[in-house]
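There are 2 protein chains.
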Amino acid sequence: MKCEVICIVKKEKSIFDNIIEKYSSRVKMQMDFSIKKIKSGFKGKKSLSINEQKKIEAKLIENSISDSDYIVLLDENGFNYDSEEFSEFLNKRLISGIKKLVFIIGGPYGFEEKILKKYKNHIALSKMTFPHQMIRLFLIEQIYRSCSILNNTKYHHK
Amino acid sequence: MKCEVICIVKKEKSIFDNIIEKYSSRVKMQMDFSIKKIKSGFKGKKSLSINEQKKIEAKLIENSISDSDYIVLLDENGFNYDSEEFSEFLNKRLISGIKKLVFIIGGPYGFEEKILKKYKNHIALSKMTFPHQMIRLFLIEQIYRSCSILNNTKYHHK
Numbered sequence: 002m003k004c005e006v007i008c009i010v011k012k013e014k015s016i017f018d019n020i021i022e023k024y025s026s027r028v029k030m031q032m033d034f035s036i037k038k039i040k041s042g043f044k045g046k047k048s049l050s051i052n053e054q055k056k057i058e059a060k061l062i063e064n065s066i067s068d069s070d071y072i073v074l075l076d077e078n079g080f081n082y083d084s085e086e087f088s089e090f091l092n093k094r095l096i097s098g099i100k101k102l103v104f105i106i107g108g109p110y111g112f113e114e115k116i117l118k119k120y121k122n123h124i125a126l127s128k129m130t131f132p133h134q135m136i137r138l139f140l141i142e143q144i145y146r147s148c149s150i151l152n153n154t155k156y157h158h159k
Numbered sequence: 002m003k004c005e006v007i008c009i010v011k012k013e014k015s016i017f018d019n020i021i022e023k024y025s026s027r028v029k030m031q032m033d034f035s036i037k038k039i040k041s042g043f044k045g046k047k048s049l050s051i052n053e054q055k056k057i058e059a060k061l062i063e064n065s066i067s068d069s070d071y072i073v074l075l076d077e078n079g080f081n082y083d084s085e086e087f088s089e090f091l092n093k094r095l096i097s098g099i100k101k102l103v104f105i106i107g108g109p110y111g112f113e114e115k116i117l118k119k120y121k122n123h124i125a126l127s128k129m130t131f132p133h134q135m136i137r138l139f140l141i142e143q144i145y146r147s148c149s150i151l152n153n154t155k156y157h158h159k
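As you go down the protein sequences, you meet chains H and B in turn. For the first sequence, the working numbering begins at 2 and goes up steadily by one. For the second sequence, the working numbering begins at 2 and goes up steadily by one.
Treat each hint with caution, since some may be false.
A pair counts as met if it fits within one copy or between any two copies, since identical chains are not told apart.
To be verified - Lysine-lysine pairs mimicking DSS-like chemistry, simulated, CA-CA at most 27 Å apart:
1) Lys38 with Lys23
2) Lys40 with Lys155
3) Lys100 with Lys60
4) Lys115 with Lys3
5) Lys155 with Lys11
6) Lys121 with Lys23
7) Lys128 with Lys118
8) Lys119 with Lys23
9) Lys155 with Lys12
10) Lys11 with Lys56
11) Lys40 with Lys23
12) Lys100 with Lys11
13) Lys23 with Lys12
14) Lys23 with Lys11
15) Lys56 with Lys155
16) Lys23 with Lys128
Worth flagging that the hints you see were computed from the coordinates, not collected in a lab.
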């Protein structure tokens, strides 16, 4: 199974890049993993309303995925797993024959309603609101932690 | 009110330092804020049991706080606030006349039972387990976000 994290970004570079790269390279040693950054292209278009931004982001997202992908949206109203439950969620996808699991982190205002309705798997990493760059880091760390739980290595301990 | 984050660390330096410093300096513009790193000193003492480690950490923690401090432990079994609730929690402490609010992030195996029983305010940033360095970053970002919520600045938006 391939696993991809898609994220809407304003800028190509971020202060989180080094740390994200560290966890990402660890995940790549465990599974076929990639990160796809989609530039929102809003620079200089500050006059766009929140709904207009979400609409543009929705199109960018739809253009980046296939009908056969298993989509999971990172949404703060989504289901709160603990790390063991999240590893179980990943494991079920791994053994179910899915070709590509795609986690999507939306823009700063979340997803357009259409996207939320179309893709019904919503997960939240916390009840708290965090910057989107941080969500990317948390998610990749949790994917790595899941690998540790599933492979019973000592990175994760209770 | 002073606000301090105390954390048990293995090493003085961490790859999160730059980002933590960024958020920390933002918080300092809003309140009297500091971070205190306590070195656990376990290097080369890998034969210590988990309980022995927790006991040593508990002593280091007790030596770093005063009886008059208002203590909050970061514990994964603690209460899950959302960001608005957390800002309300902070605000209540601010207006209650507390001199020093201290958040404590324990070692990799959590706190000794004695500490958990003595200090009854336990909060969790997520149901998920994260590395302790990351918890430090999450917490400081949430303190900054709380300042934004309380001061109604645009860093935090729904």
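Cross-check of the supplied hints:
no.: 1; hint: Lys38 with Lys23; result: both (17 Å within a copy, 23 Å between copies)
no.: 2; hint: Lys40 with Lys155; result: between (36 Å within a copy, 22 Å between copies)
no.: 3; hint: Lys100 with Lys60; result: within (23 Å within a copy, 51 Å between copies)
no.: 4; hint: Lys115 with Lys3; result: within (25 Å within a copy, 46 Å between copies)
no.: 5; hint: Lys155 with Lys11; result: between (36 Å within a copy, 17 Å between copies)
no.: 6; hint: Lys121 with Lys23; result: neither (30 Å within a copy, 36 Å between copies)
no.: 7; hint: Lys128 with Lys118; result: both (21 Å within a copy, 25 Å between copies)
no.: 8; hint: Lys119 with Lys23; result: neither (33 Å within a copy, 38 Å between copies)
no.: 9; hint: Lys155 with Lys12; result: between (35 Å within a copy, 19 Å between copies)
no.: 10; hint: Lys11 with Lys56; result: within (15 Å within a copy, 46 Å between copies)
no.: 11; hint: Lys40 with Lys23; result: both (22 Å within a copy, 24 Å between copies)
no.: 12; hint: Lys100 with Lys11; result: neither (29 Å within a copy, 40 Å between copies)
no.: 13; hint: Lys23 with Lys12; result: both (20 Å within a copy, 18 Å between copies)
no.: 14; hint: Lys23 with Lys11; result: both (21 Å within a copy, 19 Å between copies)
no.: 15; hint: Lys56 with Lys155; result: between (43 Å within a copy, 22 Å between copies)
no.: 16; hint: Lys23 with Lys128; result: both (26 Å within a copy, 23 Å between copies)
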